[in-house]
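S.K.: Residues per chain, in single letters:
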Amino acid sequence: MRRAVERTRHDACNPEQELAAWKAGARNAMPETPPPFDPDAYAAVAAPLLGLDIDPAWMQPITANLRVLAAAAELVADFPLPDAVEAAPRFEA
Amino acid sequence: MSVPATSDAATIAAAVSEGRASARETVASTLDRIARIDGRVGAFTDVLSERALARAEALDAAIARGEAVGPLAGVPFAVKNLIDIAGLPTRAGSKINRDHPPASRDGTVVRRLEAAGAILVGALNMGEYAYDFTGENVHDGDAHNPHALDHMTGGSSGGSGAAVAAGLVPLTLGSDTNGSIRVPAAFCGCFGMKPTYGRISRAGSFPFVGSLDHLGPMARSVTDLALAYDAMQGPDPEDPVATTRAPEPAAPGLESGIGNLRIAVAGGYFARGGDPEAFSAVARVADALGASGTVELPEAHRARAAAYLITAAEGATLHLDRLRTRPRDFDPAVRDRLIAGAMIPAPFVERAQRFRRWYRDAVLKLFDGIDVILAPATPCRAPKGGQTHFVLDGVTLPVRANIGLFTQPISFIGLPVVAVPVRLDAGLPLGVQVIAAPWREDLALRVARQLERDGICTAPVAEIA
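Sequence lines, in order, name chains G and B. The opening residue of the first sequence carries number 1 in full-length UniProt numbering; numbering runs sequentially from there. The opening residue of the second sequence carries number 1 in full-length UniProt numbering; numbering runs sequentially from there.
These are calculated hints, taken from the structure and not from any lab test. Hints may contain errors.
Stated by the list, open to error - Simulated crosslink set (DMTMM-like; lysine to aspartate or glutamate; CA at most 25 Å straight-line):
1. Lys384(B) <-> Asp368(B)
2. Lys365(B) <-> Glu86(G)
3. Lys384(B) <-> Glu277(B)
4. Lys95(B) <-> Glu277(B)
5. Lys95(B) <-> Asp329(B)
6. Lys95(B) <-> Glu25(B)
7. Lys365(B) <-> Asp78(G)
8. Lys365(B) <-> Asp83(G)
9. Lys365(B) <-> Glu248(B)
10. Lys365(B) <-> Asp442(B)
11. Lys365(B) <-> Glu350(B)
12. Lys384(B) <-> Asp321(B)
13. Lys95(B) <-> Asp53(G)
14. Lys365(B) <-> Glu452(B)
15. Lys95(B) <-> Asp55(G)
Please build the complete structure, drawing on both the sequences and the hints.
M.R.: This is the structure:
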């Protein structure tokens with residue numbers, strides 16, 4: 001029913017700013033710095049493994065998203081879990 | 001012989017089943033209103049006039065023969081376009097899925113609502129593949145907030161919220177993985193329900209994150225939510241996580257009031273990082289319910305981070321083949337997130353799933369001492385359409401990443417929630433999450449109904465400018 005909108009969403013979803021937001025929201029804190037890794041190098045070697053052909057123009061938002069994910073992972077990893085706690089991949093309430 | 005097109009579902013069902021209105025005229029007036037108004041709202045992607053009128057005529061004929069009709073007799077409804085509709089490809093807000101063959105039959109929830117007498121009139125706009133909190137769609141155009149057309153509906157069930165708020169239909173279905181029913185309910189000022197994970201079958205719907213996906217109803221009254229929820233309950237072997245519990249109808253006890261329910265406000269994480277109005281809305285609801293205590297959901301910030309990881313990884317796994325073959329046909333923002341998600345090391349995701357177990361156990365303990373928890377649905381009122389940043393608690397933040405910060409830690413462990421609309425002033429509405437223990441949707445609905453009855457939470461039809 002609606003006409004397509006001719007625009008992209010890079011401006012509407014800037015992962016660099018997203019990472020800054022996780023940091024800025026220190027009250028609901030993500031780590032100040034994600035673990036040290038080179039997201040460009042990581043993405044470059046992971047893409048062929050996954051069978052993905054990445055346009056160079058997409059690399060910046062992809063690696064920025066990787067940094068956000070790495071920060072999220074570090075926040076989760078920082079919480080000590082007993083070994084007996086099993087995963088809930090199929091959560092049952 | 002019809003009732004106004006903007007009537008609620010219970011009113012329509014009563015009029016149709018008692019012969020005071022015909023289903024055909026009711027559907028016809030609904031289709032006319034959609035044709036007149038939806039061009040400005042953008043809620044619908046498909047309108048099923050022929051099918052709906054044929055079904056309405058069949059229902060009228062059944063009533064004329066004296067046959068029993070269901071509790072939703074003649075109620076027009078519409079579904080987010082990730083739910084199968086026979087004869088249509090299930091696009092799930094995407095360009096790519098339009099090349100899929102048409103669905104061979106309706107999804108379980110559509111069949112169950114129609115078995116209760118409701119009449120499907122169309123499919124609704126949504127964010128691409130449900131990876132969205134805005135209600136914006138680069139392929140179909142954005143859904144617009146009926147209360148202020150230049151503002152977001154919220155998403156990803158944006159069309160579902162907009163259609164209800166605009167009075168196009170009294171009842172819609174949406175999906176909620178991280179907040180995609182509760183956010184548009186809040187922004188569009190209507191009631192939305194995310195049942196317990198596994199309560200409502202998702203068979204015949206296009207998935208996003210299997211371990212987090214829920215389906216649920218949106219409406220302008222709590223009674224309508226309950227009627228739809230009851231009609232959709234029941235085991236379904238076609239959904240691997242659908243409960244085997246027998247249906248537990250909520251409508252019969254809806255008017256029971258809140259009695260001695262122990263109700264508390266979520267503190268800590270849920271009491272900071274939003275606009276003051278978001279917390280004022282919670283306070284208004286809490287005051288009305290006499291809820292003065294607070295409760296803290298432990299490690300809610302980590303729960304959000306874990307939900308973020310699981311969402312990215314599971315969503316990427318689902319779409320990996322499409323990312324390989326048709327990456328340029330995605331919304332760029334969705335594509336880039338999914339590609340990054342595909343690269344998450346497995347231990348990160350497994351750790352998040354293990355944390356999920358810990359968090360679930362910790363939160364469920366809270367329900368030993370309380371029955372219902374109140375929390376904001378969103379950190380703010382609906383942003384402007386296309387708005388990329390907002391200021392929360394003095395900090396400038398990207399909109400897309402932060403709209404769902406209060407919904408994610410709740411759906412992460414599958415708790416049932418009714419999102420109730422609050423109008424603090426003449427401005428846009430806000431929403432409050434009424435959260436219950438697993439399988440106690442009845443309590444959340446009872447509280448919501450009490451708030452509605454007391455005039456604290458109402459969902460009037462928007463006046464479209």
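S.K.: Next pair to validate is Lys384(B) with Asp321(B); report whether the Cα-Cα distance is within 25 Å.
M.R.: Violated, at roughly 34 Å.
S.K.: Is Lys365(B) within 25 Å of Glu248(B), Cα to Cα?
M.R.: Within the cut-off at roughly 23 Å; holds.
S.K.: CA of Lys365(B) to CA of Glu350(B), is that 25 Å or under?
M.R.: holds, 23 Å
S.K.: Decide if the proposed pair is consistent with the structure: Lys95(B) and Asp55(G), CA atoms, cutoff 25 Å inclusive.
M.R.: Roughly 19 Å between the alpha carbons, so the hint for Lys95(B) and Asp55(G) holds.
S.K.: Hey, Lys365(B) versus Asp78(G), does the alpha-carbon distance stay inside 25 Å?
M.R.: holds, 23 Å
S.K.: Verify the proposed pairing of Lys95(B) with Asp329(B), using a straight-line Cα cut of 25 Å.
M.R.: holds, 6 Å
S.K.: Could you grab the alpha-carbon distance between Lys384(B) and Glu277(B) and see if it respects the 25 Å cut-off?
M.R.: holds, 17 Å
S.K.: For the pair we were handed, Lys95(B) and Asp53(G), check the Cα-Cα distance against 25 Å.
M.R.: Satisfied, since the Cα-Cα distance of roughly 20 Å is no more than 25 Å.
S.K.: Do the alpha carbons of Lys384(B) and Asp368(B) lie within 25 Å of each other, as the hint requires?
M.R.: Judged against 25 Å, a Cα distance of about 41 Å means the pair is violated.
S.K.: Are Lys365(B) and Glu452(B) close enough, with their CA atoms no more than 25 Å apart?
M.R.: violated, 29 Å
S.K.: With a cut-off of 25 Å on the C-alpha distance, tell me whether Lys95(B) and Glu25(B) pass.
M.R.: Violated - the C-alpha atoms of Glu25(B) and Lys95(B) are around 35 Å apart, more than 25 Å.
S.K.: Taking only the CA atoms, is the gap from Lys95(B) to Glu277(B) under or equal to 25 Å?
M.R.: Given that 25 Å is the threshold and the Cα spacing comes to 37 Å, the pair is violated.
Of the numbered hints listed earlier, those contradicted by the structure are 1, 4, 6, 12 and 14.
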